[in-house]
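Which chain is which? The protein sequence lines are A and B, in order. Be aware that the first sequence starts at 3, since it is given in this note's numbering, and climbs by one per residue. Be aware that the second sequence starts at 48, since it is given in this note's numbering, and climbs by one per residue.
Keep in mind that the hints are not guaranteed to be accurate.
Once the Cα atoms are required to be at most 16 Å apart in a straight line, the calculated EDC-like pairs of lysine to aspartate or glutamate come out as [to be verified]: (1) B:K131 <-> A:E106; (2) B:K51 <-> A:D26; (3) B:K51 <-> A:D282; (4) B:K53 <-> A:D26; (5) B:K179 <-> A:D26; (6) A:K314 <-> A:E289; (7) A:K317 <-> A:E283; (8) A:K221 <-> A:D240; (9) A:K221 <-> A:D282; (10) B:K179 <-> B:D134; (11) B:K131 <-> A:D13; (12) A:K233 <-> A:D282.
Covered, in the sense of this in silico footprint (three residues per stretch, anywhere, with C-beta under 8 Å from a C-beta of chain B), are these stretches of chain A [as the list claims (entries may be wrong)]: (13) 91 to 101; (14) 109 to 123.
Quick caveat, the hints were computed from the structure, so don't treat them as lab data. Glycine included, each C-beta is placed from N, C-alpha and C at the ideal position.
Below, each chain spelled out in residue letters.
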Amino acid sequence: MSIAEKIISGDIRSVARLIRDIDDNVPGARKVLKDLYPSTGRAYVVGITGAPGVGKSTLVDQMVTHLRGAGKTVGVLAVDPTSPFSGGAILGDRVRMQRHSMDEGVFIRSMATRGYFGGITQSTRSAIDVLDAMGKDCIIVETVGVGQDEIDIVQSAHTTIIVLVPGMGDDIQALKAGILEIGDIFVINKDDREGADRTVNDIRLMIEMDEKRYKDGWKPPILTAQAVFDKGVKEILDEIEKHHKHLQSSAQIQSLRNYEKARNDLSEMIKDKIIHNVLDEIIQSGEFEKSLQLILKGEIDPYTACDTIVSKKLKPGNK
Amino acid sequence: MNQKRKIRVLVAKPGLDGHDRGSRIIARAYRDAGFEVVYSGLHQTPEEVVQAAIQEDVDMIGLSSLAGAHMYLFPRVLELLKEKGADDIVVCGGGIFPEEDIPKLKKIGIKEIFTPGTPLGAVVNWVEENVKPRS
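Build out the structure end to end from the sequences listed, making use of the hints.
Take a look at the structure:
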C-alpha cells in the first residue's frame, strides 16, 4: 500500500508520520499530499481560538466527548508556541484531552508554531487535509493562545469559535479590531467568574455595531459556559450545527467561501514555496552573506541590497 | 531554509504516581534544548502512553516514575510498542529506582535510567547523542 492508501484506510502511524514530514518540510511529503487531495473536502473544520488560559483545551476535550456520543469521528490539532530562544516547545494541550487517547475514533496531534505568527502553524492547512483524508468527520483546530490579531484560523475553519473569560478588559477592548471581528460563535467560559454578564453585554454591543458582518445573514451568538464542568458545551455544538446549516443554505455563500479559501490557500502556498526555494538559493549562492557584510560596513543600505538581490532573481532567464 | 529535523519527545507519568515536579523540569530542559516536548501529564496507563507516542510521532518516550511501579509499567510500555510496530521509539526512564532494578530494566530495552542528582545538562546531552529524529 502506498502511504496515501494507508492514510485513507485510517492507519495512525502513517498519518502521524506524514504530519511530521509536512512540519519538517520533507520533500516526499508534498507528493503524498497531492495523492490525498482528491479524498479531502468531507470533514467539517471548527477553529477554537482565544487568549492563553481561557479554557480552549478543556472545551475541546468536552466537545470531543459530545461529538463521539453523536457517533462522529474527530481529529484534533492542538497548537502551542515555539520558544523564540531555543526553537523548542512544550506541547501541553494534550494533557486536557488524554482521556480520548484510547478512543480509536479520535486522533489528537500537538503541533508547535515554529516561528509562524498567525495563531496556527505553517503546516496546519495540510495537516487538516491529512485528517480529512483519513476520514475524520470533524476536525477541531485549537490555536495557540492568541492576542488580538492572530486570525489565520479563519481561512482554514468552517466555523470559528472565540473563547473569552470575564474580566479581560473593559468595553473599549471589545471595540478594537482583530480576533473579535472573526468569530462565528462567541463563548464566555468560566462564566461563574465576576463580570460575566458585563462581558456578554460588551460583546453584544460590539456585534450590534458591526452590521456589515451580517451580510450573509449569520449573527454570531454569544454563549456562556463552564467547560470544566461540561456546562454549556452541548449548546455550543448546537450552534456549530446551526452555522453549518447556514453555510449550506445558500449556494452563493458556499461558492464565495470556497473561492476565498481556495484563493487564500493557493497564494499562501505559492508564497511559502517561493520564500523556501528562492531564499535558499540566495543564501546558498553567497549573495545574502555578501550583501549583509556590505550593509554592516555601511556601504549599502538594506533597501538597495534587497532590490538588487530580488531583481537579479526575477530577471527573465533566471530559474 | 534548510531545516534540521527537531527531536520530538513524549514526557509521561505512567501509573498512580503524582510527583510531577521532576517531569516538568525535564520538559523545560528539553524545550530549552530545542526539542518539541509533548507533555501528557499524570496517571497515564501504558496503553495511553504508547497511543500518544504513536499519534505524536515521537522519537523518544521519557517515563517518569517515583512510586515504585516501574517493574510493571516500563516493561508493559515496551511490550505495547512492540505490538504496535513502534519499537523504534527510544524509551528511557527518570526518577527513583532501586539499584538492582536498573540493569533489569536496561536488559529488557529501556535505553537509560536517570536517577536523582543527574545534572539536567547530562540528560539533554544523552538524548542528543542517543536519539536521532526519525529520518
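Is it true that the CA of K179 of chain B sits at most 16 Å from the CA of D26 of chain A? Holds, at roughly 14 Å.
Given coverage of the segment 109 to 123 of chain A by chain B, tested with a Cβ cutoff of 8 Å and a minimum of 3 residues: Held - the segment 109 to 123 of chain A has 5 residues with a Cβ nearer than 8 Å to chain B, which meets the minimum of three.
Please work out if K51 of chain B and D26 of chain A have their alpha carbons no farther apart than 16 Å. Roughly 8 Å separates the two Cα atoms, so the pair holds.
For a C-alpha distance cap of 16 Å, please report whether K221 of chain A and D282 of chain A respect it. Judged against 16 Å, a Cα distance of about 46 Å means the pair is violated.
With the threshold set at 16 Å, check whether the alpha-carbon distance from K314 of chain A to E289 of chain A stays at or below it. Holds, at roughly 10 Å.
Restraint check for K131 of chain B with D13 of chain A, where alpha carbons must lie at most 16 Å apart: Between K131 of chain B and D13 of chain A the Cα gap is close to 11 Å, so the pair holds against 16 Å.
Between K317 of chain A and E283 of chain A, does the CA-CA distance stay at or below 16 Å? This hinted pair holds, its Cα atoms lying about 15 Å apart.
Are the Cα positions of K221 of chain A and D240 of chain A separated by 16 Å at most? holds (15 Å)
Given hint D282 of chain A paired with K233 of chain A - CA-CA distance at most 16 Å: violated (51 Å)
Quick one: see if chain B covers the segment 91 to 101 of chain A, three-plus residues with Cβ-Cβ under 8 Å. holds (count 7)
Within a Cα-Cα threshold of 16 Å, do K53 of chain B and D26 of chain A meet the stated pairing? Given that 16 Å is the threshold and the Cα spacing comes to 8 Å, the pair holds.
Compare the distance between the alpha carbons of K51 of chain B and D282 of chain A with 16 Å, and conclude whether the hinted pair is satisfied. Within the cut-off at roughly 14 Å; holds.
Going down the numbered hints, you'll see the structure goes against 9, 12, while the others check out.
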